[in-house]
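Quick note, the sequence shown lines up with residues 1 to 653 if you use the UniProt record's numbering.
Just so you know, these hints were derived from the structure itself, not from any lab.
These figures come from a predicted structure and were not determined experimentally.
Treat each hint with caution, since some may be false.
[As the list claims (entries may be wrong)] The calculated BS3-like cross-link candidates involving lysine-lysine, where the alpha carbons are at most 27 Å apart (straight line), are: (1) Lys345 with Lys181; (2) Lys366 with Lys383; (3) Lys352 with Lys197; (4) Lys199 with Lys181; (5) Lys265 with Lys336; (6) Lys567 with Lys546; (7) Lys336 with Lys412; (8) Lys336 with Lys366; (9) Lys199 with Lys265; (10) Lys181 with Lys412.
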Amino acid sequence: MSSINNDLTKMTLFSFPSFNPDSCINGDLICMGSVSIGNNNNTNNGHYYLNLTPEPPSPSNSSNTTHGRAAENKIGRVLYGQPVVAWPAMISTTFTIRISAFPNSSSSVSGDGIAFVMAQDDKPSPPRSFGSYLGLLDRSTQGGVIKQVAVELDTYMNEFDIDGNHVGIVTTSIINPLIEKTLNTTGIQLKSGKDIKVKIDYDGFNQILSLYVAYSPNPLVSFLNRSIILSDIIPRSVYVGFTASTGTLPETHQILDWAFTSVPKTTPFMAKDNIIKTILVITIPVSIGLSIVLSGVFLLVMRFFMKKSHNNTNNSKKKKLEDIESRSRSAANVPKMFTYKELSKATHGFSKENLLGTGGFGSVYKGIIVLDDNQAQTIAVKKISSTSKQGEKEYLAEICTIGRLRHKNILKLQGWCHENQHLLLVYDYMPNGSLDRFIGKLFLDWETRDVKPNNIMLDSNYTPHLGDFGLARLIKNDKASGVVSTMLAGTPGYLAPELGFTGKASPESDVYSFGMVVLELVCGRRSRGMKGESSLVDMVWSLVRKDELLVGVDPLLQGRYVEEEVKRLLVIGLACLHPDSEHRPNMRKVVQILLNPNEPLMDLPEKRPNMVCVSLSHVSSSSSSSSTTMVDLGPNSVSASRARADEIVIHYD
Numbered sequence: 001m002s003s004i005n006n007d008l009t010k011m012t013l014f015s016f017p018s019f020n021p022d023s024c025i026n027g028d029l030i031c032m033g034s035v036s037i038g039n040n041n042n043t044n045n046g047h048y049y050l051n052l053t054p055e056p057p058s059p060s061n062s063s064n065t066t067h068g069r070a071a072e073n074k075i076g077r078v079l080y081g082q083p084v085v086a087w088p089a090m091i092s093t094t095f096t097i098r099i100s101a102f103p104n105s106s107s108s109v110s111g112d113g114i115a116f117v118m119a120q121d122d123k124p125s126p127p128r129s130f131g132s133y134l135g136l137l138d139r140s141t142q143g144g145v146i147k148q149v150a151v152e153l154d155t156y157m158n159e160f161d162i163d164g165n166h167v168g169i170v171t172t173s174i175i176n177p178l179i180e181k182t183l184n185t186t187g188i189q190l191k192s193g194k195d196i197k198v199k200i201d202y203d204g205f206n207q208i209l210s211l212y213v214a215y216s217p218n219p220l221v222s223f224l225n226r227s228i229i230l231s232d233i234i235p236r237s238v239y240v241g242f243t244a245s246t247g248t249l250p251e252t253h254q255i256l257d258w259a260f261t262s263v264p265k266t267t268p269f270m271a272k273d274n275i276i277k278t279i280l281v282i283t284i285p286v287s288i289g290l291s292i293v294l295s296g297v298f299l300l301v302m303r304f305f306m307k308k309s310h311n312n313t314n315n316s317k318k319k320k321l322e323d324i325e326s327r328s329r330s331a332a333n334v335p336k337m338f339t340y341k342e343l344s345k346a347t348h349g350f351s352k353e354n355l356l357g358t359g360g361f362g363s364v365y366k367g368i369i370v371l372d373d374n375q376a377q378t379i380a381v382k383k384i385s386s387t388s389k390q391g392e393k394e395y396l397a398e399i400c401t402i403g404r405l406r407h408k409n410i411l412k413l414q415g416w417c418h419e420n421q422h423l424l425l426v427y428d429y430m431p432n433g434s435l436d437r438f439i440g441k442l443f444l445d446w447e448t449r450d451v452k453p454n455n456i457m458l459d460s461n462y463t464p465h466l467g468d469f470g471l472a473r474l475i476k477n478d479k480a481s482g483v484v485s486t487m488l489a490g491t492p493g494y495l496a497p498e499l500g501f502t503g504k505a506s507p508e509s510d511v512y513s514f515g516m517v518v519l520e521l522v523c524g525r526r527s528r529g530m531k532g533e534s535s536l537v538d539m540v541w542s543l544v545r546k547d548e549l550l551v552g553v554d555p556l557l558q559g560r561y562v563e564e565e566v567k568r569l570l571v572i573g574l575a576c577l578h579p580d581s582e583h584r585p586n587m588r589k590v591v592q593i594l595l596n597p598n599e600p601l602m603d604l605p606e607k608r609p610n611m612v613c614v615s616l617s618h619v620s621s622s623s624s625s626s627s628t629t630m631v632d633l634g635p636n637s638v639s640a641s642r643a644r645a646d647e648i649v650i651h652y653d
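Taking the hints into account, I'd like the entire structure generated from these sequences.
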């Protein structure tokens with residue numbers, strides 16, 4: 001064990017890469033209750049660890065049942081032997097734990113868990129704090145008698161818990177933690193018997209507690225962030241350590257290593273023999289500085305008058321922005337207006353480490369903001385790469401409209417920022433990213449695929465949320481007279497063919513995109529162009545002709561689906577993908593078919609259409625002469641010939 005406790009700064013730093021037989025008796029650690037020192041294979045190999053609760057008996061021990069009963073209702077508590085500064089300070093601790101159920105017992109019902117604790121004193125756990133209390137509280141101390149903050153790793157589902165594999169922050173009540181969050185979404189099982197690395201940071205400047213977790217030796221992953229003011233809960237000086245407990249179905253809780261750092265924010269105390277040096281350090285620069293200041297006064301006065309007119313312009317712009325911000329705050333249910341500085345800080349300067357992805361509208365970054373109620377919230381910040389030339393008031397009108405939308409499947413717009421030609425949009429963070437990441441993956445079973453890929457976001461429960469809703473009006477639309485732009489905002493493969501000529505989205509083009517998503521979900525592969533061997537649409541059409549639609553179903557589903565549902569979905573997808581917009585079903589018809597298995601399907605042509613006329617009556621045209629245009633809609637291009645001034649014929653062959 002190595003440790004530093006600097007009396008001048010009160011900084012505490014210690015590390016236990018492993019423990020030793022004397023860790024609990026030489027003053028480094030205070031061990032109480034059922035704590036003992038363990039050693040791998042009972043050999044003197046130096047790999048010692050802390051058992052907070054009794055270890056399982058060896059397989060050769062004939063008294064396993066007796067030993068198991070002896071391990072019931074145990075409480076173990078270990079604290080570092082010296083107090084540390086909790087606030088105002090920057091705190092970081094990292095440790096490795098191993099939790100295992102006893103042999104011949106079900107890990108699904110063993111308990112109860114372990115907690116990292118910052119305690120008011122070095123006393124033992126309350127006497128009846130076994131079981132669900134985790135050695136932190138008991139019935140007599142619930143409600144604020146004990147001043148502490150604990151991060152619990154709970155392995156047993158009590159009636160007040162979200163599940164038996166979660167993390168929580170506990171202060172005065174086990175039943176009502178500040179926050180609890182399941183680990184099931186990470187794939188980590190606390191009582192798997194595997195080594196689990198945990199890192200807890202407390203940012204004393206921003207008053208945010210962060211937790212990271214991973215199976216060792218995998219890299220740590222950010223899991224939980226919570227705003228918490230330690231000065232309201234615990235004394236400035238605390239004891240840090242661990243507690244664990246068992247109930248009637250015991251398990252063992254082991255600490256394999258532990259490191260801790262506390263760096264106070266306060267200025268170090270100045271010793272008396274440094275006072276004279278300090279006076280000289282202060283007075284000499286001040287004396288020199290006075291002469292510099294006096295000589296600079298004239299220059300400052302001149303600069304003031306030169307900038308006065310420029311400041312008047314800036315003040316006018318500032319007043320305009322303040323007026324917009326006032327309108328934003330006074331309107332009901334309007335997304336919050338952020339400053340660029342706030343969002344830059346939340347995303348660590350829009351760093352590469354925080355980059356979640358890049359799409360047609362711009363790049364998306366993960367960030368953390370502190371809400372008005374001092375809770376930390378993870379957000380997604382979309383940095384729009386191209387914006388229209390409309391002003392801030394027009395932006396506010398559009399954003400107010402989008403922000404008022406409330407639907408369980410539309411990604412909620414939380415806020416926005418428009419400064420110096422930067423448009424930033426703040427959304428709810430979706431832990432599972434976009435749907436296209438999961439196309440062809442086994443863990444999207446048939447039930448989960450009942451969702452409507454890269455602008456469809458999935459939350460922790462794989463519930464779909466439509467992203468980029470309403471952003472088309474916020475994107476620049478530069479038009480030259482008589483020219484229709486073929487630079488489309490969208491993903492090739494999902495764009496209806498007429499968009500390459502009209503440049504205008506419509507309900508019919510949305511139906512086309514929906515059809516492609518349906519095919520991808522059922523077939524478990526991405527769309528690749530419009531024609532050829534790599535074309536998903538061509539593949540499904542060929543299966544229709546052969547009456548072998550089920551051959552195209554994602555093989556990872558391994559037959560675990562309803563055949564009739566699959567066939568109906570593929571027919572719906574092909575109908576939505578009809579190249580002629582007038583022959584596509586409307587969404588009302590699609591929904592009726594999806595909800596009612598007795599609803600008749602739309603008729604498909606005998607083979608895939610390879611030509612369609614597109615009306616350009618709404619597009620300005622100054623010539624009726626025949627011409628041929630190439631439009632890039634994916635890896636394969638299509639050709640088009642102008643039949644009349646208001647009509648284009650698209651050929652796929």
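(request) Identify every previously stated hint that the structure contradicts and give their numbers, smallest first. (result) Of the numbered hints, just 5 does not hold.
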